[in-house]
Amino acid sequence: NAGVTQTPKFRVLKTGQSMTLLCAQDMNHEYMYWYRQDPGMGLRLIHYSVGEGTTAKGEVPDGYNVSRLKKQNFLLGLESAAPSQTSVYFCASSYRFGPGNTIYFGEGSWLTVV
Amino acid sequence: GESVGLHLPTLSVQEGDNSIINCAYSNSASDYFIWYKQESGKGPQFIIDIRSNMDKRQGQRVTVLLNKTVKHLSLQIAATQPGDSAVYFCAENTYNTDKLIFGTGTRLQVFP
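Protein sequences appear in the order of chains A and B.
Throughout the first sequence, residue numbering follows our numbering, covering 1 to 114 in sequence.
Throughout the second sequence, residue numbering follows our numbering, covering 1 to 112 in sequence.
Looking at chain A on its own, in the form it has when it is part of the complex (with noise of 0.2 Å):
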């Protein structure tokens, strides 16, 4: 009973290198979230996927790549890391969105650029 599950889940950069994390559920779900959570700040969303092949770009897309090749996966690039991508990274899904959904959360990826 995985759930959703992050890889890897601490990881130091240093500035300008790539990176890919990795977020796997094992619920069917349609859709597939990625947040940063900041200090003092709230999740907020980077990009999404309602489903197998599609993407979409949340609040702050910028710097970021994703990638939904398969129903499972969602995976999460970075292609030139910035020490303003220091963050912890939350992987989320959902079967569908709104009321009756639940969105879950996986364990969070701590990323630090340096």
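Hint data in this document are derived by calculation from the structure and do not stem from the laboratory.
Glycine included, C-beta positions come from ideal geometry on N, C-alpha and C.
Be careful, since some hints might not be right.
[Stated by the list, open to error] Listing some non-contacts, in silico: residues in chain A with all C-beta distances to chain B over 10 Å:
| # | residue |
| --- | --- |
| 1 | Lys71 |
| 2 | Glu79 |
| 3 | Gln85 |
[As the list claims (entries may be wrong)] Mimicking BS3-like on lysine-lysine, the simulated pairs with C-alpha atoms at most 30 Å apart in a straight line are:
| # | chain 1 | residue 1 | chain 2 | residue 2 |
| --- | --- | --- | --- | --- |
| 4 | A | Lys9 | A | Lys70 |
| 5 | A | Lys71 | B | Lys99 |
| 6 | A | Lys9 | B | Lys71 |
| 7 | B | Lys99 | B | Lys42 |
| 8 | B | Lys42 | A | Lys70 |
| 9 | A | Lys57 | B | Lys42 |
| 10 | A | Lys57 | B | Lys99 |
| 11 | B | Lys99 | A | Lys9 |
| 12 | A | Lys57 | B | Lys71 |
| 13 | A | Lys9 | B | Lys42 |
| 14 | A | Lys57 | A | Lys70 |
| 15 | B | Lys71 | A | Lys71 |
| 16 | B | Lys68 | B | Lys56 |
| 17 | A | Lys71 | A | Lys9 |
| 18 | B | Lys99 | A | Lys70 |
Take the given structure of chain A and dock chain B to it, following the hints.
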């Protein structure tokens, strides 16, 4: 890995007392609201939700109140327990969008 919630408003309550956590929202078009609980080092966990056509909804030990007139949402926790210690977020959604907008959160500390 603790790096969130360092500058959050904090509510301190004694074990057994009731807690009230408040949230103000700005978008009068928001029609769906959710409360999440986030424990240290973990992802947010769904607590309870409410639609805009309701003003109150109850769950197990929790009640959410919605006042659309003043755009205010509150979460009441009855008989607060040490396990309730966490950061609590409200989130709002506007009809026909697929996005949740989160508030900044409130830290609840329960002392014996």
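Which hints from the list above does the structure break, by number from lowest to highest? Result: hints 6 and 15 break, sorted rising.
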